[in-house]
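Q: Sequence:
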Amino acid sequence: MSPRILMCPPDHYGIEYEINPWMNRSMSSVRDLAFKQWRALRDAIVSLGVRVEEMVPVAGLPDLVFTANAGLMFHNKFFSSQFKHDVRAKESPHFDAWFAKNGFEVHHWPSGMYHEGAGDALFCGNALFAGYRTRSDVHAHQWLAEQIGMQVLPVELVNTRFYHLDTCFCPLAPGLALYHPEAFDDYGQKVIRSNVNTLISVCEPEAWRFGCNAVVVGKSVIHNAGCPQLARDLTKIGYQSIEVELDEFLKAGGSAKCLTLRLDGEEAAGWKCS
Numbered sequence: 029m030s031p032r033i034l035m036c037p038p039d040h041y042g043i044e045y046e047i048n049p050w051m052n053r054s055m056s057s058v059r060d061l062a063f064k065q066w067r068a069l070r071d072a073i074v075s076l077g078v079r080v081e082e083m084v085p086v087a088g089l090p091d092l093v094f095t096a097n098a099g100l101m102f103h104n105k106f107f108s109s110q111f112k113h114d115v116r117a118k119e120s121p122h123f124d125a126w127f128a129k130n131g132f133e134v135h136h137w138p139s140g141m142y143h144e145g146a147g148d149a150l151f152c153g154n155a156l157f158a159g160y161r162t163r164s165d166v167h168a169h170q171w172l173a174e175q176i177g178m179q180v181l182p183v184e185l186v187n188t189r190f191y192h193l194d195t196c197f198c199p200l201a202p203g204l205a206l207y208h209p210e211a212f213d214d215y216g217q218k219v220i221r222s223n224v225n226t227l228i229s230v231c232e233p234e235a236w237r238f239g240c241n242a243v244v245v246g247k248s249v250i251h252n253a254g255c256p257q258l259a260r261d262l263t264k265i266g267y268q269s270i271e272v273e274l275d276e277f278l279k280a281g282g283s284a285k286c287l288t289l290r291l292d293g294e295e296a297a298g299w300k301c302s
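In our numbering, the protein residues as written are 29 to 302.
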């Protein structure tokens with residue numbers, strides 16, 4: 029069965045508010061260029077044999093394009109995000125409706141907990157790494173662990189530019205991941221090193237280009253352009269590096285991974301056998 033990824037065209041994408049350090053309303057996105065870059069990403073994903081499903085864009089929801097934040101997938105269960113910011117919370121009813129219509133079980137976090145989906149929760153081997161502090165609540169991760177019956181490893185994000193885990197950590201396969209160490213506190217770095225056998229450190233300039241915010245399909249990794257060291261490191265370990273320029277989305281604090289949600293689970297993380 030082909031991998032499945034959810035995307036949303038950038039019809040209404042733009043910098044309409046500021047909720048992370050990347051966003052600046054004076055740096056508006058260029059509509060035609062954003063469409064060109066989004067299509068290039070979509071085409072690269074499809075070329076790898078992935079089935080891309082598309083949501084209908086909604087006026088007034090410029091960040092609906094970042095489907096990774098819709099929620100967390102676990103088998104047929106969709107844990108719908110409980111966004112910290114009201115401007116993004118308006119997206120949830122649209123995501124919930126799409127997932128319910130397409131046959132998924134829709135679940136919600138208890139009131140008072142914040143969790144921003146696959147942006148802050150990434151499977152690697154037998155564990156779910158969970159970013160917290162900036163957008164997601166550590167208690168929400170603890171609740172999730174009870175629901176899915178898996179080991180959840182919370183790691184604290186200490187640099188506001190890396191406000192979601194998927195901006196600074198990218199599982200490639202069980203026991204193998206990309207990461208930017210400086211995005212985590214000392215304890216978080218220790219947790220990652222203790223539970224991932226092989227780590228590829230992404231240097232600061234390329235981390236700032238969201239090199240870690242990549243889409244992994246088998247042995248291919250699609251990431252933002254302008255990350256030559258990352259491309260070389262991936263090639264050395266037998267992976268195909270596919271660069272796609274996504275700078276229009278970097279203006280909002282997003283890149284390749286943010287623009288996608290793996291509907292059949294993160295295959296690279298190898299949790300399907302559970």
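Just to be clear, a hint being listed does not mean it is correct.
[To be verified] Restricting the straight-line Cα-Cα distance to at most 25 Å, the calculated cross-link-like pairs of lysine-lysine (DSS-like) are:
| id | residue 1 | residue 2 |
| --- | --- | --- |
| 1 | LYS279 | LYS264 |
| 2 | LYS129 | LYS118 |
| 3 | LYS112 | LYS247 |
| 4 | LYS264 | LYS247 |
| 5 | LYS64 | LYS279 |
| 6 | LYS105 | LYS118 |
| 7 | LYS264 | LYS118 |
If you are wondering where the hints come from, they were derived from the structure by calculation, not from laboratory data.
Q: Confirm or reject each hint.
A: Status of the hints after comparison with the structure:
1. LYS279 <-> LYS264: Violated, because 30 Å separates the two Cα atoms, which is more than 25 Å.
2. LYS129 <-> LYS118: holds (18 Å)
3. LYS112 <-> LYS247: violated (34 Å)
4. LYS264 <-> LYS247: Roughly 12 Å between the alpha carbons, so the hint for LYS264 and LYS247 holds.
5. LYS64 <-> LYS279: holds (15 Å)
6. LYS105 <-> LYS118: Holds. LYS105 to LYS118 sits at ~21 Å (cutoff 25 Å).
7. LYS264 <-> LYS118: violated (43 Å)
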